[in-house]
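S.K.: The whole structure should be built from the sequences, with the hints applied where relevant.
Chains as they are written, first to last, in my numbering: chain A, 1 to 500; chain S, 501 to 987; chain L, 988 to 1079.
Calculated directly from the structure, the hints in this document are not laboratory data.
Ideal Cβ positions, reconstructed from N, Cα and C, are used throughout, including at glycine.
Among the hints, a few may not be true.
[Stated by the list, open to error] Now the in silico label distances, taken between C-beta atoms and shown as ranges: (1) A/433 - S/971: 48 to 56 Å; (2) A/209 - S/971: 29 to 37 Å; (3) S/543 - L/1056: 33 to 41 Å.
[Stated by the list, open to error] Pulled from the structure, derived: some chain S residues nowhere near chain A, Cβ distances all over 10 Å: (4) 647; (5) 692; (6) 703; (7) 704; (8) 778; (9) 898; (10) 941; (11) 948.
[What the hints assert, rightly or not] Incomplete in silico selection of chain S near chain L, CB under 10 Å: (12) 627; (13) 630; (14) 635; (15) 660.
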Amino acid sequence: MMETLDSLLPVAILLSSLLPGLAIFMVAEDSHWLRGLLNMTGALVKLVLVGMLVWGVYHDHSYDAELVLAPGLSLVLQADALSVLFVTLSSVLWLVTTVYAIGYLEHSPNRSRFFGFFSLCVTATIGIALAGNLFTFVVFYEILTLATYPLVSHRGTPDATAGARAYLAYTMTGGAVLMIGAVWLQTLIGPVDFTQGGLLAEQPEALHGQFIIIFVLLLAGLGVKAALVPLHGWLPRSMVAPAPVSALLHAVAVVKAGAFGIVRLVYDIYGVEFAHALGLLTLLGVLASVTILYGSIMALSQDGLKKRLAYSTVSQVSYIALGASIFGPVATIGGMVHLVHQGIMKITLFLCAGNYAETLGVHKVSEMDGIGRRMPWTTLAFSVGALGMIGIPPIAGFISKWYLGLGAIKADMPWVLLVLGASTLLNAAYFLPILFRAWFREPPPHWPHEDIPRRRLETHATLLWPPLITAALCLLAGLFAAAPFSPLEWTTLIARREYP
Amino acid sequence: MTDSLVLALVVPLAGALLVTALPAHAARIGLFSVMLNTLNIALLTLGVWQHDELQLALGDWAPPLGIGFVADGLSAAMLAMTALVSLAISVYAGDYFRDPARARHFWPLWLLLLTSLNGLFLAADLFNLYVNLELLGLSAAALGALGGQRTALEANLRYLLVGLLGSMTYLLGVALIYSGFSTLDFAQLAAQLARGDAAASGLLGATALGLMVMGLALKAALFPLHFWLPPAHGSAPAPVSAALSALVVKAAFYLILRLWLEVFAPLTTQGAANLLGLLGAGAVLWGSWQALRAERLKLLAAYSTVAQLGYLFLFFPILQGLPAGETRSNLFAAVTLMALAHGFAKSGLFLAAGFVQQQAGHDRIAELGTTLQQLPATTLTLALAGTALIGLPPSGSFVAKWLLLGGAMANGQWWWVLVLLAGTLLAVAYVFRLMTRAFGLEPTPRHFFTQARAEGPALLLAAMATGVLGVATAPLWHLLGTSGGLG
Amino acid sequence: MDAELLYASAGFILFVLGIWSLLLHRLLIRKLIALNIMGSGVFHLLIATAEHHGEPADPVPHALVLTGIVVAVSATALALSFGRALRGDGDD
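M.R.: Take a look at the structure:
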């Protein structure tokens, strides 16, 4: 009996957003309450189920659900420590973003369509996190593309359509390349089950040449979503989407799915030692470093707040890939923990940017003079996120950078320190001026478009609380990094299992 | 159990006669017959599931003199798809053909079409196939012209003549076979060929097979013999287009598959299979390119049918090169899955396109934005069907493509991978050329369904292709595991 | 044997002639006649295979040809009615 329950848990986690999502499509546009109820029930049920999963995986329970499609081809959901990290991140942030989106989209059109695809998007992300083999991963990875397309083009303006088209062109091509690589690998070695320590090291040496090509194909497919340069072009262009969608793209789902895939590729398919031996880690490290610097430099010159944040994502997400490319447990911890840390910091920044736009009509950095006086709480949350991104202790981002740097020293790769140092300076150069403007300049006599008048709170409660909560999470993840179940402790657990 | 084999012909045929006799109640009787047929096919599939194969010799006359019916896994799969698709089409058609004059013409022909499809999937000898094939061609052409416009008449007259040319070519092959083997029964032919009697009969058999496949390829609209399909399918009334694209061309493909892989397997060569694959590749590229350029939604759907049939023919060279084993049996199941997924997706797409056309008054893609935004259910149907046409998860065609790619790589036939890649990206382009228009600044529709009876069946069909068939493939494998000689 | 071969070859020639004029002619009625000639060719061939030197002739081809003729007649009828509908619609 316990056995079946154990295999049902991952499926139930998937269904907890799939079923509400499908139901929401059918909800009449005016039934706000029903739609909200479905959304919140799904998000809360998922959180409870994920809590059970975390507890189980911590105590070495294994969760496996398999659906055989054909001999040698199965959909497998399983929960290991790494998937739990991603599942927890996305389900917590889903709840936060849903609350925010309900407030943000009040009175806006096509909400049933929006929330339906929103839930499908999270379902796909959960599927990616729980995928137990490469086939399952590809299935959910492609579903994620399909489910996010309507969200990016949601606004329906020509800008939105163009952004969505760019998104589609990049991700579909990437998906096709990923699929070819995945089928190729499966043709060579049979079903590719994610295995701690990798499963290619024991293969005959004659295949190594093909393994290198396959790695490049898979990395190209994953790199599109992870926005590795030069495959990042869609990310700044899809900024036209509503703020909750940006949060979803940058922190919860899409970019994370790519980065998570790279982590899986290195650790659980190739195995970090084998990838190191083939020289693939160097390739990944160089790509990641270039992306980190390029994204930061591009962010410097953006006046659009969301565009600046988008280039910052390009840069920050590659810390995860960078961590995967440095051989050694400390850097592994640094990269994986950044999966969570970047998520909570970036979502804070995007939710704040959404608040500025929705409350005052402020979209540009140059319009943000003195905004800290009009919206102190939002700006406080924004500041926490921005300082975290720069890597100021005790905010979460500091932990990631510290471990990455330490790992690079241990792996004898001093140039990584240069990359980290340069990136930190650039981070400071594009974030600190914003904070200076916001706190120390005089506010203008009129805001561009003051839609929500100031009452007891600076904006709607549903818009204000989510960024405050995620900002608090950024602080907590940094302050209590050594506490049990903190992201850092959890990734240490993963690294310990990865490097026996 | 074998009763269901006879009933598969009797039920729709009796329905056809009844609606002709009682035209005033055509819609009700017609729908009832189709429901009854679906029920019967469900029983038949269950029988095949349990007994591997159902056989029946009519009037206890054994072949070669008597007419035999056989249902194996492949037939059952095709029959089941046909039954479900025809049920959805019938529900939709009840709404579409409100005008009693048109309903009076639609229902007898439609039930006749269903009879001949059932007969075709059950037939176990070459001549019986010919009769059903002709019956199918005649009723299909007549149905296609129901709209009555000049373009429809011309397109479907051409379809009729091309079909006749195809079946005459097929029949010539049948005559050659009879002169060489003195039997037309599948099992007896296969046994004689497996013994490999004489070199002369080998040559004769190969010529005959070539003629039959050529005739059938014309009916299956294999590139470059596809020229008749887009105008005929694009001009027919929506429910008829759905049946033509999803079922009728699929029937001709089914015959090629059966003849090539089962009955005449000893005569086929890699070179010939490569030729089929090459034509398939041409169909994928040309059909997708034309779909991308099509100005009308129904024409887009019709060209996409040309492309999708091309995918089915890509399986031949790869199957030919593989030794019996897991990869090969997976691939055989994959081609069936692809055919089924396309059947569901394309019928859903055509039904949805028909509803869009009714609502908008036209089907010019560039001007459909307003209508699409007002019809969430239909737009979702188009999206789901499009997902299956591209071959993205969670559709059945994704699983099929995955296995096809794997087969091509296992075989070292790398060039097909490039065809698949190009076809997939072209399909993305033509599907999203339509879907982009569903996002705009029109006012939000109040409800999901605008007209549930017209939109519901299409949505269910599309959800079968993308959703059910992408996940629940195991039953199909079980059903086909029983398919004779292919294990 | 010779008679059988003669019949068969004649049938084959008829079939080829039929295809040729089907592809050549534009007029519907000619196309239909061409199709029927193709059909007759195939029927010839089938009948030729019924010959069983000395023994009673094989009945199966006869049954096939009879069925084939019925099918061909109905196909011709349908095509003709298409033609009539097209003419009734206006010019031709």
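S.K.: Taking the hints in turn, state whether each one holds.
M.R.: Each hint, compared with the structure:
{"no.": "1", "hint": "A/433 - S/971: 48 to 56 Å", "in the structure": "holds, 51 Å"}
{"no.": "2", "hint": "A/209 - S/971: 29 to 37 Å", "in the structure": "holds, 36 Å"}
{"no.": "3", "hint": "S/543 - L/1056: 33 to 41 Å", "in the structure": "holds, 36 Å"}
{"no.": "4", "hint": "647", "in the structure": "holds, 33 Å"}
{"no.": "5", "hint": "692", "in the structure": "holds, 33 Å"}
{"no.": "6", "hint": "703", "in the structure": "holds, 37 Å"}
{"no.": "7", "hint": "704", "in the structure": "holds, 38 Å"}
{"no.": "8", "hint": "778", "in the structure": "holds, 21 Å"}
{"no.": "9", "hint": "898", "in the structure": "violated, 7 Å"}
{"no.": "10", "hint": "941", "in the structure": "violated, 5 Å"}
{"no.": "11", "hint": "948", "in the structure": "violated, 5 Å"}
{"no.": "12", "hint": "627", "in the structure": "holds, 5 Å"}
{"no.": "13", "hint": "630", "in the structure": "holds, 8 Å"}
{"no.": "14", "hint": "635", "in the structure": "holds, 8 Å"}
{"no.": "15", "hint": "660", "in the structure": "holds, 6 Å"}
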